[in-house]
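Chains as they are written, first to last, in the working numbering: chain A, 53 to 188; chain B, 258 to 469.
All clues given are correct.
When the alpha-carbon atoms are kept at most 25 Å apart in a straight line, the in silico DMTMM-like pairs for lysine to aspartate or glutamate are as follows:
| # | chain 1 | residue 1 | chain 2 | residue 2 |
| --- | --- | --- | --- | --- |
| 1 | B | LYS412 | A | ASP157 |
| 2 | A | LYS123 | B | ASP351 |
| 3 | B | LYS378 | A | GLU118 |
| 4 | A | LYS121 | B | GLU350 |
| 5 | B | LYS426 | A | GLU181 |
| 6 | B | LYS433 | A | GLU181 |
| 7 | A | LYS113 | B | GLU350 |
| 8 | B | LYS433 | A | GLU106 |
| 9 | B | LYS364 | A | GLU172 |
Note that these hints are calculated values from the structure, not bench results.
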Amino acid sequence: MVKKRGKGKISKFSIQFLPYSRIKNLNSNERIKKLLNIASKNNIIVLQGRLEPEEEAELIKQTMIEIGKKKEFKGIELAVLPEKQEANLFEKLRRNFAKVLSGTDLNTFTVIGPAAIVKEINKNPEKIELFLNNRR
Amino acid sequence: MIRTIFEKLASWWFKNKKDINLGFYGPPNAGKTSLANRICKDFLGEELGKVSKIPHETREVQFRESVEVEYDGKKMKLKLVDTPGIATKVDYEDFLKYKLKKSEAKKRAKEATQGIVEAIKWLEDMDVVVVVLDATENPYNQVNITIIGNLVARKIPVLIVANKIDLKKADIKRIKAAFPEYPVVGISAKYGNNIEEFYREVFNISKKRKKK
Chain A
53 MVKKRGKGKI SKFSIQFLPY SRIKNLNSNE RIKKLLNIAS KNNIIVLQGR LEPEEEAELI
113 KQTMIEIGKK KEFKGIELAV LPEKQEANLF EKLRRNFAKV LSGTDLNTFT VIGPAAIVKE
173 INKNPEKIEL FLNNRR
Chain B
258 MIRTIFEKLA SWWFKNKKDI NLGFYGPPNA GKTSLANRIC KDFLGEELGK VSKIPHETRE
318 VQFRESVEVE YDGKKMKLKL VDTPGIATKV DYEDFLKYKL KKSEAKKRAK EATQGIVEAI
378 KWLEDMDVVV VVLDATENPY NQVNITIIGN LVARKIPVLI VANKIDLKKA DIKRIKAAFP
438 EYPVVGISAK YGNNIEEFYR EVFNISKKRK KK
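Construct the complete structure from the given sequences, taking the supplied hints into account.
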């Protein structure tokens, strides 16, 4: 669900759906660089799967470094859904096997939006809401 | 065999003599410094850092070494590591509403981004981490999940503190529901509510720390 907070115009932006296969063969640094590069150009990324926890922390770290370098870049909004999924033993085995083949958990997706466009990603276990920024 | 026993004893001795690196992590304005101050005041009689309503007040990692904490007759020496609040975005314009001048706001934003980088680098060096969350805020924040995910990946024991329970909007149940695998203790760092339970939990999770 996408919502707009307050009155005013929203800058042009696009939503890019990114299959995990597009970043699967990259190393962590290249992966993060690619995602940040897309997000910093006013694109909201919907990535199939998710990054590893260490990569998520590195993404935040690199985002902070980029804020210092690029004048208009204020950072990102980030959310992974669903965070946890109930599953029986067979289902867990099936998912782990699929993860080994694909390199990620394909039952999840990651939303990365530039903070200049996405004001807030409000997440609860049931839904995800994207609030857009109109301050620009 | 005697040598192995001796090595184990030596390891146990050093593990118990060395300060335990206890890190305070969490989003900005959750009360990390307030909690570190509370511990310092309780056991040293002085505070560690300045607190403020303006986010990103702590913009550098700050320490206090050899803090001897006592609970129920047991003692433990801690190195308290208070880290800047971790966020995915920092916009100087957000500080302007706190009546900061534009130049001050820009300086604060720059320092805040550097502080976040430092806080993430420090994760490696922690023995035990207290993740401080504001109990009045939505806990399903990706920053919280990322911090906890990183601690789990590094096998660092985690204690979640639901701070600000003195406020009406505080909801500890929501935090417990969000992180059911981890111990959660509700406190008010500002007023010291439930602080004894916090110390008990710190002793409990410190036993789970990995040997270095």
